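Chemist: Keeping their order, the protein sequence lines are chains A and B. If you use the numbering used here, the first sequence corresponds to residues 1 to 244, in order. If you use the numbering used here, the second sequence corresponds to residues 1 to 244, in order.
Everything labelled a hint here was simulated from the structure, so no lab data went into it. Computed from a prediction, not measured in an experiment: that's the story for all the values here. There's no promise every hint is true.
Identical copies look the same in the list; a pair holds intra-copy or inter-copy alike.
To be verified - No more than 27 Å apart at the CA atoms, straight line, and that leaves these computed lysine-lysine pairs for BS3-like: (1) K220 with K204; (2) K79 with K211; (3) K182 with K90; (4) K90 with K211; (5) K204 with K182; (6) K182 with K79; (7) K147 with K204; (8) K204 with K43; (9) K79 with K147.
There are 2 protein chains.
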Amino acid sequence: MNYKVTLAYDGTRYSGFQRQENANTIQEEVEGALSLIYGREVKISGAGRTDSGVHARGQVFSFTADERVPLNSLPHALKGLLPRDIVAWKAEEAAADFHARFSPSRKEYCYTVDNGIFPDVFTRRYAYHFPALLDLEAMQAAAGELKGCRDFSAFQGAGSDTRETFRCLDEAGVFPRGQYLKLVFRAEGFLYKMVRIMAGTLLKVGEGSLKPGDLRDILKSRCRDRAGPTAPPHGLCLERVIYE
Amino acid sequence: MNYKVTLAYDGTRYSGFQRQENANTIQEEVEGALSLIYGREVKISGAGRTDSGVHARGQVFSFTADERVPLNSLPHALKGLLPRDIVAWKAEEAAADFHARFSPSRKEYCYTVDNGIFPDVFTRRYAYHFPALLDLEAMQAAAGELKGCRDFSAFQGAGSDTRETFRCLDEAGVFPRGQYLKLVFRAEGFLYKMVRIMAGTLLKVGEGSLKPGDLRDILKSRCRDRAGPTAPPHGLCLERVIYE
Chain A
1 MNYKVTLAYD
11 GTRYSGFQRQ
21 ENANTIQEEV
31 EGALSLIYGR
41 EVKISGAGRT
51 DSGVHARGQV
61 FSFTADERVP
71 LNSLPHALKG
81 LLPRDIVAWK
91 AEEAAADFHA
101 RFSPSRKEYC
111 YTVDNGIFPD
121 VFTRRYAYHF
131 PALLDLEAMQ
141 AAAGELKGCR
151 DFSAFQGAGS
161 DTRETFRCLD
171 EAGVFPRGQY
181 LKLVFRAEGF
191 LYKMVRIMAG
201 TLLKVGEGSL
211 KPGDLRDILK
221 SRCRDRAGPT
231 APPHGLCLER
241 VIYE
Chain B
1 MNYKVTLAYD
11 GTRYSGFQRQ
21 ENANTIQEEV
31 EGALSLIYGR
41 EVKISGAGRT
51 DSGVHARGQV
61 FSFTADERVP
71 LNSLPHALKG
81 LLPRDIVAWK
91 AEEAAADFHA
101 RFSPSRKEYC
111 YTVDNGIFPD
121 VFTRRYAYHF
131 PALLDLEAMQ
141 AAAGELKGCR
151 DFSAFQGAGS
161 DTRETFRCLD
171 EAGVFPRGQY
181 LKLVFRAEGF
191 LYKMVRIMAG
201 TLLKVGEGSL
211 KPGDLRDILK
221 SRCRDRAGPT
231 APPHGLCLER
241 VIYE
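Work the whole structure out from these sequences, hints included.
Modeler: This is how it looks when you write it as structure tokens:
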């Protein structure tokens, strides 16, 4: 059977989702637990490769296996085997041709900014504390400039060899929630570190060191140095993956 | 000058608020930071002695010191010296006779239950995951039985020598918030582990193994064994201290 599983994790202790040598990864933990359950090596495919320190509420992975574990029991079996900072909270039967990574999907990320004068101790691992006075309307206007289909070269992190830098942002929004700002981005695909660079750039606009209209020039320049800094990973969360 | 400071902390790493030998405590951390700021040993007095693993959003402490640090700068100075899981977010000048522990006050505690089928990874340190189906109305009725002035002997943890076991609960409420239940208790004073035993007892009512009307008999019995179990510390938070 082909399985589709939805996963939440606190990325603090991990070097990202994707398995790599000599590093603690989400994929390694999940594959280890599934291999114990099925008594053989199980390989999974994840929808998004979250970076080191990035969290997820709705990461999706797929794998194929026999039906020895009832679908409803699978998340409970995983709960007993996974560390407490990884929770597989939904398991579904997927169509035979479903593939978490390659089936067409849109991914929604949320970057959380704690804009309180002092940080909330209870969210310090999941929100970037940025106590500056922020111009919310300017940030919303700047987010609007990012929305749509564009060449996002200026928002691609160093260390990526992706040449096709055209992406379509369905959503780029800034939402105040108490002392927090939620920066929400949704697209079929993102460039390396693109969400964190967009978050860092919107914060520059919020502070007033960039204007909303500057976003057009930054996009046009295709130059990484023109955009804002890469916001730290702990504010970022993969909220959900929406399959067609 | 007499100072009143409001403090939030993640109690996970600490053996409670009150200083003790060979244990990591909030008081020791705060006194250490203040002693560095003032260049002499500073002693503080805290409103509530939270137990090991219990959190606070609005703990209050008082101390006296000279005025070398402007009032508004004190929280920033403390932020630079305290670990990230302790945040002093407000400093005020208090009347000369104010004393965080002995001035009349009411303390509000919140016990957070994560009632989701699977725990939310992001609140796993601050909410007690209890996935049973709960009868909310029964819990609310039971909380109503606790409200008022009563002998709470049955809700006092072992290891306390307090003989005056009469307390007045101004508030005992059960509030659903998404997948969470907030159990709110407010009183001038609580017995040792009283809030956690009340939380554990309300959960027994929620599950159906106790009835709301049983609360009267449990109170009357003055017998600890009749009440429910002591709920774990990580769900408990001292929300605020209200001075007259």
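Chemist: Taking the hints in turn, state whether each one holds.
Modeler: Evaluated hints:
Proximity of K220 and K204 under a CA criterion of 27 Å is satisfied intra-copy only: 18 Å inside one chain copy versus 63 Å between copies. Taking identical chains as interchangeable, the C-alpha atoms of K79 and K211 are never at most 27 Å apart, the minima being 47 Å within one chain and 32 Å between chains. In the homo-oligomer, the alpha carbons of K182 and K90 lie at most 27 Å apart both inside one protomer (25 Å) and across protomers (25 Å), since each shortest distance falls under that limit. In this homomeric assembly, K90 and K211 never come within 27 Å of each other (Cα to Cα): the closest approach is 43 Å inside a single copy and 33 Å across copies.
In this assembly of identical chains, the alpha carbons of K204 and K182 lie at most 27 Å apart only when taken from the same copy (15 Å versus 38 Å across copies). Only between protomers do K182 and K79 lie at most 27 Å apart by alpha-carbon distance; the minimum there is 25 Å, versus 29 Å within a single protomer. For the homomeric pair K147 and K204, the shortest alpha-carbon distance inside one copy (18 Å) is at most 27 Å, but the shortest distance between copies (51 Å) is not. Taking the closest pair of Cα atoms, K204 and K43 never come within 27 Å of each other, the shortest separation being 41 Å inside a single copy and 42 Å across copies.
In this homomeric assembly, K79 and K147 never come within 27 Å of each other (Cα to Cα): the closest approach is 38 Å inside a single copy and 38 Å across copies.
Violated hints for the displayed structure, listed by number in ascending order: 2, 4, 8 and 9.
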